[in-house]
Amino acid sequence: MGVALVATPLTACSQFYSQSPQPQGTAQTGSSPAAGGGGGTLDAAKSRGRLACGVSGTLPGFSYVDQAGKYSGLDVDICRAIAAALFDDPNAVDFRNLNAKERFTALQAGEVDILSRNTTWTMSRDTSVGLEFLPVTFYDGQGVMVKKSAGTKDLKGLQGKAVCMETGTTTEQNFADQMRKIGVKYTPLVFEDANAVYAAYEQGRCQAVSTDRSGLVSRRTTLKNPQDNIILDALLSKEPLTPAVKNGDSRWFDAVKWTVFGLIEAEELGINSQNIDQFAKSQDPVVKRLLGTEGNLGQGAGLPNDFVARAVRKVGNYGEIYNRNLGPGTPFNLPRGQNDIWEKGGLHYAPPFR
Numbered sequence: 001m002g003v004a005l006v007a008t009p010l011t012a013c014s015q016f017y018s019q020s021p022q023p024q025g026t027a028q029t030g031s032s033p034a035a036g037g038g039g040g041t042l043d044a045a046k047s048r049g050r051l052a053c054g055v056s057g058t059l060p061g062f063s064y065v066d067q068a069g070k071y072s073g074l075d076v077d078i079c080r081a082i083a084a085a086l087f088d089d090p091n092a093v094d095f096r097n098l099n100a101k102e103r104f105t106a107l108q109a110g111e112v113d114i115l116s117r118n119t120t121w122t123m124s125r126d127t128s129v130g131l132e133f134l135p136v137t138f139y140d141g142q143g144v145m146v147k148k149s150a151g152t153k154d155l156k157g158l159q160g161k162a163v164c165m166e167t168g169t170t171t172e173q174n175f176a177d178q179m180r181k182i183g184v185k186y187t188p189l190v191f192e193d194a195n196a197v198y199a200a201y202e203q204g205r206c207q208a209v210s211t212d213r214s215g216l217v218s219r220r221t222t223l224k225n226p227q228d229n230i231i232l233d234a235l236l237s238k239e240p241l242t243p244a245v246k247n248g249d250s251r252w253f254d255a256v257k258w259t260v261f262g263l264i265e266a267e268e269l270g271i272n273s274q275n276i277d278q279f280a281k282s283q284d285p286v287v288k289r290l291l292g293t294e295g296n297l298g299q300g301a302g303l304p305n306d307f308v309a310r311a312v313r314k315v316g317n318y319g320e321i322y323n324r325n326l327g328p329g330t331p332f333n334l335p336r337g338q339n340d341i342w343e344k345g346g347l348h349y350a351p352p353f354r
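Going left to right, the sequence shown walks through residues 1 to 354 as full-length UniProt numbering numbers them.
Don't read these hints as lab results, they were simulated from the structure.
It cannot be assumed that every hint is accurate.
Using 30 Å as the maximum straight-line C-alpha spacing, the simulated DSSO-like pairs for lysine-lysine come out as follows [what the hints assert, rightly or not]:
id: 1; residue 1: K224; residue 2: K153
id: 2; residue 1: K70; residue 2: K101
id: 3; residue 1: K281; residue 2: K70
With these hints in hand, go ahead and build the complete structure from the sequences.
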């Protein structure tokens with residue numbers, strides 16, 4: 001996955017929303033369960049009138065909260081789109097910052113309705129941890145960042161070096177597998193908090209840091225001298241990043257799953273936040289079903305029939321969300337690549353709305 005490393009100040013992250021005033025959401029500080037009662041998460045969220053969303057809060061471009069408490073990022077906007085679909089209000093979200101170690105426990109305990117936090121879909125998490133994964137929102141792969149001055153060109157150059165990583169992630173095992181395969185011995189330094197990982201890296205306690213390449217591109221912009229750090233060409237793994245919900249609640253799973261698919265389908269059909277009112281007049285049956293002007297697809301998922309129209313109108317289609325947070329004009333300028341829709345050579349593909 002090719003990436004463009006742009007040393008743009010982090011303050012640009014607060015300018016991602018250019019089409020309309022940026023929805024804020026709120027930070028959730030309480031510990032009361034988000035999902036409760038016998039009706040499941042969907043009914044609990046409807047009764048509450050707000051969505052409880054678990055995010056990282058420390059990863060610019062995906063989920064980041066600034067000093068003013070304003071959230072931005074692709075993962076954040078996925079939650080805003082779901083809130084718009086449910087309540088016609090993208091602001092009806094309470095965000096809770098979760099580190100990698102505590103994220104699954106918080107979801108299983110019902111402290112959040114959904115986890116939208118750069119989480120890799122794996123078999124063990126799907127079958128053993130008790131998670132249900134939504135459609136992939138970002139296709140990624142694990143990489144390694146090093147100091148330019150070190151002269152490290154590839155993974156073999158990490159022989160005998162210390163490598164910083166966050167615990168509770170797929171990163172540790174992926175890295176160990178790759179280094180074992182090429183016969184390179186290294187010293188892992190693991191931390192529970194991503195901020196601690198990069199602090200140790202900047203302090204020189206480790207000579208490299210490894211995580212998803214998108215995460216490296218993101219966190220590189222927050223380092224004191226971004227241009228002094230490079231991301232190696234090596235790609236260590238496949239990392240399909242996706243939101244997740246608690247297992248065993250199929251009604252909620254269906255509601256949020258089809259909301260995400262709706263963002264992708266809207267982009268496929270060329271429907272965005274700027275032209276949706278024109279498309280609402282369309283006589284194309286595919287468009288009419290997607291926007292809820294014909295049929296009752298939303299009702300079958302426990303949602304308003306116009307749930308996709310609400311999400312796109314208030315937050316944008318998938319392409320708008322991607323470009324606002326990661327595309328041209330942002331500090332990251334990440335090419336769509338695999339994250340484009342299938343008609344343009346990417347991997348994003350929505351099942352039929354019928």
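Hints versus structure:
Between K224 and K153 the alpha-carbon distance is near 22 Å, which keeps this suggested pair within the 30 Å criterion. For the given pair, K70 sits about 24 Å from K101 by alpha-carbon distance, which is consistent with the 30 Å threshold. Between K281 and K70 the alpha-carbon distance is near 35 Å, which puts this suggested pair outside the 30 Å criterion.
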